[in-house]
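J.: Use these hints to put chain Z onto chain U, whose structure you have.
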Amino acid sequence: MLSLSQFKTMVAAAGVDIRAGEKRFSELDAASGGDGDHGTAIVTAFNAMAKAGGDDFKSYLKALSDALQNEACGSTSALYGAWLQGMSDAAPEGAAELDAAALAKVFGGGLEELGFTTRARVGDKTLMDALIPATEALVSAQGGGIGAMFRQAAEAAEKGAEATCAMRAKFGRAKNLGDRSVGPRDAGAASMACIFAAFAKTVK
Amino acid sequence: MPMKKFINDPANLTKELLEGLALCYSGKVKIVSEKIVVRATPKDSGKVAIVTLGGAGHEPALSGFVGEGLLDASVVGDIFAAPGAPKVLEALRMFKRDAGIVLVTLNHAGDRMSASKALRDAQKEGINVREIVTHEDISAGVDTPEEDKRGLAGCIPLYKIIGAAAEAGKSLDEVVEIGERFSKQMATLAVAMSGCTHPQNGGTIAVLPDDEMEIGMGQHGEAGGGRTKILTADETAERMIAPLVQATGVKAGDTALLLINGTGATTHMEMLIVYRKAAQLLASKGVKLVSGGCGEYLTVQEMAGFQMILCKLDADHAECLKAKARTPYWTA
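These protein sequences, in sequence, are chains U and Z. Per the numbering used here, the first sequence starts with residue 245, numbered consecutively. Per the numbering used here, the second sequence starts with residue 6, numbered consecutively.
Since the hints were made in silico from the structure, they are not lab data. Hints are supplied without guarantee of correctness; some may be wrong.
To be verified - Simulated restraints on C-beta separations:
id, chain 1, residue 1, chain 2, residue 2, range
1, U, G367, Z, S296, 47 to 57 Å
2, U, A264, Z, D14, 12 to 22 Å
3, Z, E182, U, V426, 36 to 46 Å
4, Z, T233, U, A346, 51 to 61 Å
Because the structure is a prediction, the values reported are computed rather than measured. Note that the Cβ used here is the ideal one computed from N, Cα and C, for glycine as well.
Only chain Z is shown next, with the shape it has when bound in the complex:
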């Protein structure tokens, strides 16, 4: 089937979508040096800066979460492709400060290589920067080695947590500790019903038969294992919540955050129905949920499906979630 999208020259997708973001949310973000999205009003330079990097085509992630209370900058690559190391280094130089920088990297090959090179170069220049790598995807199994787990939409609540800690004036060590602890207590599982087209070349990613779905499909259609005939919302939620509970270690009396991230073609109606069942299951286990989220945080073009993100919260994490946020796509 030919690609059906409202686009112009496929070579300019990233540039044009960033221009749109900056025009639409001009009070919150602006573009510098072509592919670095920063806050319209910078944070006090005495506070830790939060920078992230990643490909485009996943809107509103990652750049839609730049703003007060979350990210200071997002370094953008091209569609589904990480920015090169020089661009990441440029952003780190821009935010060089005594308080330090946290660089959040999602565990994907290209992102990791660019981030590692930029970090080496930055540290040689005396830039005070630490990295948090997210790898919360459990689609290959709860006991998969960390290096083999991908970073999915769990980076978004992580931005919220460490962003709030940085705004509160915590030190670099403290922000990293809060973030690493949160990162270890969160897990994501994805499910897809259909693949998507690559918006630059029209190629099809991840083809699924009409009557099948796949639990564990990642954010570019990378397969994760569990193909089945299509299940109901309740059956799907049941199948997903069990491994997420196991991975996060959440138990009776614990507080948790539950997010449903639509990947592009799944309706809010469906997401809410799934959230309902997942929340009921957690409540029956005695888990207390804080105010959660259903919506599109990190999409994969028109892929039908969602990611379910469960995060076990410590008291400081819950406080950070409530703190003020003013970004294009997360306000609190």
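So here's chain U without its partners, still in its complex pose:
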């Protein structure tokens, strides 16, 4: 079982690692043709999320989504807002702990909602390159327990983020760079992999 307090600790741990990577995320963004502020945006998002509270998964995830959409700007606001909103919608009413099946449903619901907000999929050099395989790995590792689910998800996210190096951007501002976007890791995929890595090491 994953308790809400464990999950809050995971989110806080992800915030610490995201803040530590701020400069790298902005540099990756600039290097692959964006406007060089992904680090700024994702740190703003985690600073906003740090103010969210809630007594069960549903309300906590909703509070994260609202706080982030109110304070974060740019694509991060819409994309992370939709992801967390979808997770909240898929969470059982009033639950302060989730079993493996419910957890899989929560992450599955997040990805589904995000899929309505962006047309990007695997291969487009966006955060989806990390999030889609991570979610699939998390869902299929249900039998191995919560710890295994996040470990597998983190590995898949890292692999997906690494694969973006060879990709040509098709979405966001980076798409205008064309072939010159090939080489660096996508900034959004990099921060997403960082979040899953922090989840995996915190949940144990």
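T.: Quick look at chain Z alone, frame taken from chain U:
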């Protein structure tokens, strides 16, 4: 090179620049709810309202065009980043009216996502709002699909056209029709000689070698293709006017508007020299230019370069351009 700018805490750039705008132009605009810029004296609520959204760091755009004859409100995000959907929805609620609202969105990923979510939520609440998306940038090629063309400084003359139509008491359908028609007949091409620094983190955006320029560079240094050795003003104008003529379909006997938008570090001297050649080329094709513009409308910090905007005008567009305007950065 370290960033050299007159700023304070980088976290407060947007807040402080908006405070400055409201203090400087207190007779024209004011700030409500932190990041929504509205007119000091609101327009008659029986008329269509014009609202837009976008990131900061591009001053005077977008908020410098709030005022009589142009925008009713501009919803501001952060530096180079769109506001979140809740802020856009808040502005739409503020301007809810029977006459309706036009929301102008520049085609960039973040802006589109926030606008779409806000529009869905607003329509669920019964707010009468329609969207005009600008995507007039032809840097990726004249035949690029609309969805892949970015919205550059062409939004500014569009605000003027639909703002005037709304002031004249046109209906929502009429304002949208005039605006969509104008939008289809305009095209923008950008050229850059140097990139800029992101004012929040000091990072460099779009590095160009000292002896090169790039035609098609967008408003945050997104590349658009054409890198060359530096050309003269006349050669640059020639290279830019041909695809703009093709994209707008402007021909002998037509009336057109030509604007040169400096992106931050290019002098008015250079802009006027470029305008001269572009205007001469259009005149030689038999195109009649209305009174145009050379100046900074939508900047990208200290990026050197400009955007050339060509708009084919119908008679009603030309009338709208002449109508009274009283905003911080566009008066007529």
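J.: Next step is simple, just say for each hint if it's right about the structure.
T.: How the hints compare with the structure:
1. Restraint check, U/G367 to Z/S296: a C-beta distance of roughly 49 Å satisfies the suggested window 47 to 57 Å.
2. Checked against the hint of 12 to 22 Å, the C-beta distance between U/A264 and Z/D14 comes to roughly 21 Å, which is consistent with it.
3. Our hint of 36 to 46 Å for Z/E182 and U/V426 holds, since their Cβ atoms are close to 43 Å apart.
4. Distance hint check for Z/T233 and U/A346: the Cβ-Cβ separation is about 58 Å, which falls inside the suggested range of 51 to 61 Å.
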